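Student: If you want the building blocks of each chain, they are given just below.
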Amino acid sequence: MEIISALCLGALFGFVLHRVGASNPQKVINMLRLTDLHLMKVILLGIALASAILFVGLTLGIFDPARLSVKTSYWGVIIGGLLLGAGWAVSGYCPGTGVAALGEGRKDSIFFIAGGLVGAWLYMITYSAFKGTFLLDKILGGKVTLAQTPRESYAVLLDKIPGIIPALIVALVLGIIAWRLPGKIASD
Amino acid sequence: MTGQLNWLKGGIVLGLVFLLSVFFVKPIGVSTQFVILNGIIWNAVSGDLVAKNPDAKSGYSSSNAYLNKSGGKYAKNVAKPLNYSFVYVLGMVLGAFLSVITKGPKANSLDRVAPEVWRTKFGEKASLRYFVAFIGGVLALYGARMAGGCTSGHMMSGMMQTSVSGYLFAVAAFAAAIPTALIIYGRK
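If you read the protein sequences in the order shown, they are chains A and B. Residues 9 to 196 (our numbering) make up the first sequence, in order. Residues 896 to 1083 (our numbering) make up the second sequence, in order.
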């Protein structure tokens, strides 16, 4: 059962990544060089909508809080994010969209994924050198959210107000940015 | 729903996919599975990378410090590749393929080697594009593992939960990706 749901949900994600154009490195590079913000609008609207429904669902008790999984904030998130950003811009792929591009039949994605395996392997063998360094030091307590969730083990930045309020405000702001951002921008 | 979706439809379906994954199982994440596939290959070659260990939280341990972390949860997934997260990523390949054969956007044979923005700047020679896609993959996955997640796990899944790690990652990724794309590809 678990395997079937994995296959179905994974297929749905791959299908949608392709349909929104995220597995197309042309669209990614054009977003990053600020000539076509289509994907940026898609990403922001997707986050805004998912977040709004998630927090409404958590408040109404429809969503099981045990399914949440907040990642730890530490310095490596920032430095790793910078490295990923560089690789993303160079290739036009990120890990998820590279996998979808493989299913789409893009040949360059094979080389991205091969490079990705090498990169992940390099981290596996260099990880012990980072242990005990600032790189793995937590920021703001580690597993921390902006808005309150029903999971008490997570630290909260805005811990005096019900989580749904800041969550909906952030979602609204992201949604408005998604709506107002231009699509194609003429290059001059 | 043929061809590439506009930003509104695209954002809505992308948001719903992330929501469905949290509702039924857990937030989407991809980059960890590059580590798991490495582990599977490594274990097949050496045979003693991961082993059952009743003292470990997951029941498995590894001679590699990275696979051994968090109670050996990665070691367990290497030992049992037929787990939810790994099959999910295989499902993504299938899903993108299904999108192509059901009238999704189609890449032509040149686009499948290198996106147009690349060909305009660097020509049609496949080997250069493949090499750079490989380097991009190394950077992206080394960074993703250092950060503990990628665009789907940190940016999309993280920001929808208002996780601070998601905001940190998103800002860092774009802060590196936009200048990199502008330098390499320019705006024209």
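There could be a bad hint or two in this list.
Stated by the list, open to error - Once the Cα atoms are required to be at most 30 Å apart in a straight line, the calculated DSSO-like pairs of lysine-lysine come out as:
1) 947(B) <-> 975(B)
2) 975(B) <-> 952(B)
3) 1083(B) <-> 1016(B)
4) 968(B) <-> 139(A)
5) 115(A) <-> 1001(B)
6) 964(B) <-> 947(B)
7) 139(A) <-> 947(B)
8) 1020(B) <-> 904(B)
9) 964(B) <-> 952(B)
10) 1020(B) <-> 1083(B)
11) 139(A) <-> 975(B)
12) 192(A) <-> 1001(B)
13) 1020(B) <-> 998(B)
14) 192(A) <-> 1020(B)
15) 192(A) <-> 1083(B)
16) 115(A) <-> 952(B)
17) 904(B) <-> 146(A)
What the hints assert, rightly or not - Covered stretches of chain B (chain A as the covering partner; in silico rule of three or more C-beta atoms under 8 Å from a C-beta of chain A):
18) 917 to 931
19) 944 to 958
20) 1000 to 1010
21) 1032 to 1039
22) 1060 to 1072
These are calculated hints, taken from the structure and not from any lab test. Note that the structure is a prediction, hence the values are computed from the model and not measured. Where is the CB? At the ideal position from N, CA and C, for every residue including glycine.
Student: Each of the hints needs a verdict: does it hold here or not?
Tutor: Verification of the supplied hints:
1. 947(B) <-> 975(B): Holds, because 11 Å separates the two Cα atoms, which is no more than 30 Å.
2. 975(B) <-> 952(B): holds (15 Å)
3. 1083(B) <-> 1016(B): Given that 30 Å is the threshold and the Cα spacing comes to 10 Å, the pair holds.
4. 968(B) <-> 139(A): holds (18 Å)
5. 115(A) <-> 1001(B): This hinted pair holds, its Cα atoms lying about 14 Å apart.
6. 964(B) <-> 947(B): At roughly 15 Å apart (the allowed maximum being 30 Å), residue 947(B) and residue 964(B) satisfy the hint.
7. 139(A) <-> 947(B): holds (24 Å)
8. 1020(B) <-> 904(B): Since the Cα atoms of residue 1020(B) and residue 904(B) sit roughly 36 Å apart, the hinted pair is violated (cutoff 30 Å).
9. 964(B) <-> 952(B): Roughly 10 Å separates the two Cα atoms, so the pair holds.
10. 1020(B) <-> 1083(B): Status holds; Cα separation ~20 Å.
11. 139(A) <-> 975(B): Since the Cα atoms of residue 139(A) and residue 975(B) sit roughly 27 Å apart, the hinted pair holds (cutoff 30 Å).
12. 192(A) <-> 1001(B): Holds - the C-alpha atoms of residue 1001(B) and residue 192(A) are around 20 Å apart, at most 30 Å.
13. 1020(B) <-> 998(B): holds (29 Å)
14. 192(A) <-> 1020(B): holds (28 Å)
15. 192(A) <-> 1083(B): holds (13 Å)
16. 115(A) <-> 952(B): With a Cα-Cα distance of about 40 Å, the restraint between residue 115(A) and residue 952(B) is violated, given a limit of 30 Å.
17. 904(B) <-> 146(A): Violated, because 38 Å separates the two Cα atoms, which is more than 30 Å.
18. 917 to 931: holds (count 11)
19. 944 to 958: violated (count 0)
20. 1000 to 1010: Satisfied; 7 residues make the cut.
21. 1032 to 1039: Holds, because 8 residues of the stretch 1032 to 1039 of chain B bring their Cβ atoms closer than 8 Å to Cβ atoms of chain A.
22. 1060 to 1072: holds (count 13)
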